[in-house]
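J.: The primary structure of each chain is shown beneath.
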Amino acid sequence: MIASPPDQKPHLVVIGNGMAGCRAVEEILARETGKFRITIFGAEPRVNYNRIMLSPVLAGEKSFEDIIINGPEWYTENGIALISGDPVVGIDRAAKIVTAKSGKTVSYNKLLIATGSDPFIIPVPGKDLPGVVTFRDLDDVDKMLAAAGLGGNAVVIGGGLLGLEAAHGLALRGMQVTVLHLMPTLMERQLDEAAGWLLKSELERRGQKILTGADTAEIIGMKKVEAVRLKDGTEIPADIVVMAVGIRPSTRLAKEAGLAVGRGIQVDDHMVTSDADVLAVGECVEHQGQVYGLVAPLWEMCRSLADGLTGTKNPYTGSVTSTKLKVSGIDVFSAGDFSGGDGCEDIVLRDATRGIYKRVIVKDDKILGAVLYGDTADGNWYFDLLKKGEDISDIRDALIFGQAFASGGGATANPIDAVAALPDDAEICGCNGVSKGKVMACIAGGAHTLDAVRSTCKASASCGSCTGLVENLLQFALGDEFAGERDAKPMCKCTSFTHEDVRAAILEKSLKEIPAVMQALSWSTPDGCSSCRPALNYYLLCAWPAEHKEDPQSRFVNERMHANIQKDGTYSVVPRMWGGVTTPNELRAIADAADKYGARMVKVTGGQRLDLFGIKKEDLPSIWADLNAAGMVSGHAYGKALRTVKTCVGSEWCRFGTQDSTGLGILLEQMTWGSWMPHKFKIAVSGCPRNCAEATIKDFGVICVDSGYELLVGGNGGIHLRGTDLLCKVATEEEALEYCGAFIQLYREEARYLDRTAPWIERVGLDYVKAKVVEDEEGRKALYGRFLHAQKHLQKDPWAERAAGKEAHLHQHIAEIRPFAVVGAN
Amino acid sequence: MVTADWLDIGPVDQLPALGARTLPVQGGDEIAIFRTANGSVYALVNKCPHKQGPLSQGIVHDTTVTCPLHNWRISLVSGEALGDDVGCVPTIPVKIDGGRILISRKEALQGMA
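Protein sequence lines, in the order shown, are assigned to chains V and H.
Every letter in the first sequence is one number past the one before it in this note's numbering, and letter 754, counting from 1, is 754.
Every letter in the second sequence is one number past the one before it in this note's numbering, and letter 10, counting from 1, is 10.
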């Protein structure tokens, strides 16, 4: 042990001239000046600055001078020796000496490690090329500014807080910016899907290219970076690549010195490491298993450290953190836990016109977390309630409207009283310019339901974000008489809109993704439910056939797996047999597949095809590959889609046959296969009125007669048997195809998801369908045209795509546990 | 960090958001590992308490999965059936460390004969 000379104060040596190291020194000085002689080592050749403000420096909103926390005079005034630009490379705890890169050694009585964190570099080829930079210190900013001065393309790897701030800065400096993010949602650690989607849309609107689910394979370049290649083969040109995928506590020095290190340097509640004379603070430490990468915990740690060193007990108990994105004009706030769970309740407010999303997560009358987008004014208020664990039961109803509203006292805390207090000329519905006075007059005039108000004065009839206000006004005017009843049933519990409202909005507002619909129509849940997600996926697919991007997680299991799940969890596989016609070769391939994959039963279906039962999900891609090889494709026997076209043998063989029903059936199946519908859709063609193909209980049936073809619609077997209605009679096969396509398209565009044709026709009436498909020739041709256009994009064999490796994870286990061994983890 | 108590079963990016993957246990009950919209990970025995449907194939929303066989809604947090249905499926502690999914060995092996 080296004791300090009696005439000299103990020597405190700080490794790290960053925010944590200097703040700790400030806190110590504030408690007791002159207790220590202080030396600070800094790796960067400059004074102490505010690292979190590097983003505004990059963006050109601030200069380096603006973000200096402590200038040279602070060091002199406090007698602090600053050794900058000379990083410490070794600690000798036995001799109590630290050694710097220059060879300089300094002895200490107390050592404080505040080395912060290091940027994480993803280990891909090309990561060391000139032009690949991180975003950690002023040197990095200078490198980015130098590159930005030349213009060109910047690729930022990482769509978290740091990456997006770097991207924003580079975009403002005039570069074409592409952000690559591995996860499906930007800032997924701070934001939920809905807020992440809003953020992505806004950044895209500003001209940045955002690629989510983007897995970097390689950084390409001869002498310097030229491009980034993704695992899917996409290449993005790049003059500079910023790695901002994350940070890791910088623990190398501590580890080499033999201190206890987990994910960070392990410290107690007063920031003391496993060596009583060595302390550590900031992003490099691990406290009770937690490491922090944000600034707020650091202030709290520094207070406990300084109190501990100056003899006061003030244990650090960990931090609850909140995040704000520093991108000008975009307000994002996140705090606490928003993962939900039992007993958690979401309070969601969406305002599509103002681009606002607010979600507060409440459990047992306390706030657990908050995610705010677009209006973050109340972020700190929620965060404060969260940290204090305050009981919010009294202000719960008004909580989501913010502090001003909720804390307005007893009267206004109740939303009914709040609308009562509004003046008559207060605008309720911004879309249609309807004031409170007009809504009240309309209610007084007899509009006693939301639908009645919508149809009489148009309030909440457009975007719907004022639905809640209108309902509150109804409640205020009618009291208990208002039970919230609707004429038309809303789509599901996540929304007050009907299926028809939602479909109309998708077209009107050009909504193309599920989160876009949920935001525009003020969904009350963050990510929908198992009822609305598949419906929305279908509505989007139907509205935008060319652009639609499938969301496999919004498909029911059978459509996600392209096979029918059975009660034991295995699947059944049905290859398509066009018009129910097969060949010896196809039958041999089916028999071989049944043997090879252990099908426990082979069954002839009601739709004239063969069903192989008991196939394991892991085997699906290979059985499909085998069936593809014999020329067969998916029969969509599992989908809300065109199923099968059943035929009889018709005029080619049958003595009663009037037309080639088999041939027409094959033509119909070739035209309609692959089409997704609101529900399953079956077709049959019978060669004569004896109707052996049972065309009168199909969604679309054809009965051949001598003079042509009778077209039948709206039949089904099932629980409620319904025979078809006669749509019309046509003379040629071409007409039969055109009417069939037009009818299907009308059904696709207008029926509610999970409505079969029978209940749909009962609801809209056969006359309506005839008017659209039979009487209006132009309309029919337009419907038929839209159907054929959609088919261009839908007629892809999903089995071939899966057999080629698409969505392989759906068919594989993530790993396997054998007793005392794990196999297959990659 | 793989210890005797936690088994590393792979990187978290192998789990699709709002989706699930399966983890067979030789001689025991298959486990389903779920990921919610905001990235939280949960594990349940892959059997609906109703008719043993594979929960891994259901639709995940919030912290709930809807069974693909008969639409029972099961809490990913507690394994309890929600709404009017009654039943419960065992949960298995699972956590993420350094981008890897770790599952508790004890509960994972509990279903073994």
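FYI, nobody ran anything at the bench for these hints, they're computed from the structure.
There may be inaccurate statements among the hints.
Claimed, not checked - Think about it this way: if two alpha-carbon atoms lie no more than 20 Å apart in a straight line, the pair counts; the simulated PhoX-like pairs of lysine-lysine are:
(1) K51/H x K567/V
(2) K616/V x K806/V
(3) K549/V x K209/V
(4) K35/V x K127/V
(5) K106/H x K616/V
(6) K363/V x K324/V
In this text the structure is predicted, and so the values were computed from the model without any measurement.
J.: Work down the list of hints and note, for each, if the structure agrees.
T.: For each hint, the structure was consulted:
1. Only pairs whose Cα atoms come within 20 Å are accepted, and K51/H paired with K567/V is accepted, the gap being roughly 8 Å.
2. Restraint check for K616/V and K806/V: satisfied, since their Cα atoms lie roughly 18 Å apart, inside the 20 Å limit.
3. With a C-alpha separation of about 17 Å, the suggested pairing of K549/V with K209/V holds against the 20 Å cut-off.
4. For the proposed pair K35/V and K127/V, the alpha carbon gap of about 46 Å is over 20 Å, so the pair is violated.
5. Distance hint between K106/H and K616/V is unfulfilled; the C-alpha atoms sit about 28 Å from each other, more than 20 Å.
6. With a C-alpha separation of about 23 Å, the suggested pair K363/V and K324/V falls outside the 20 Å cut-off, and the hint is violated.
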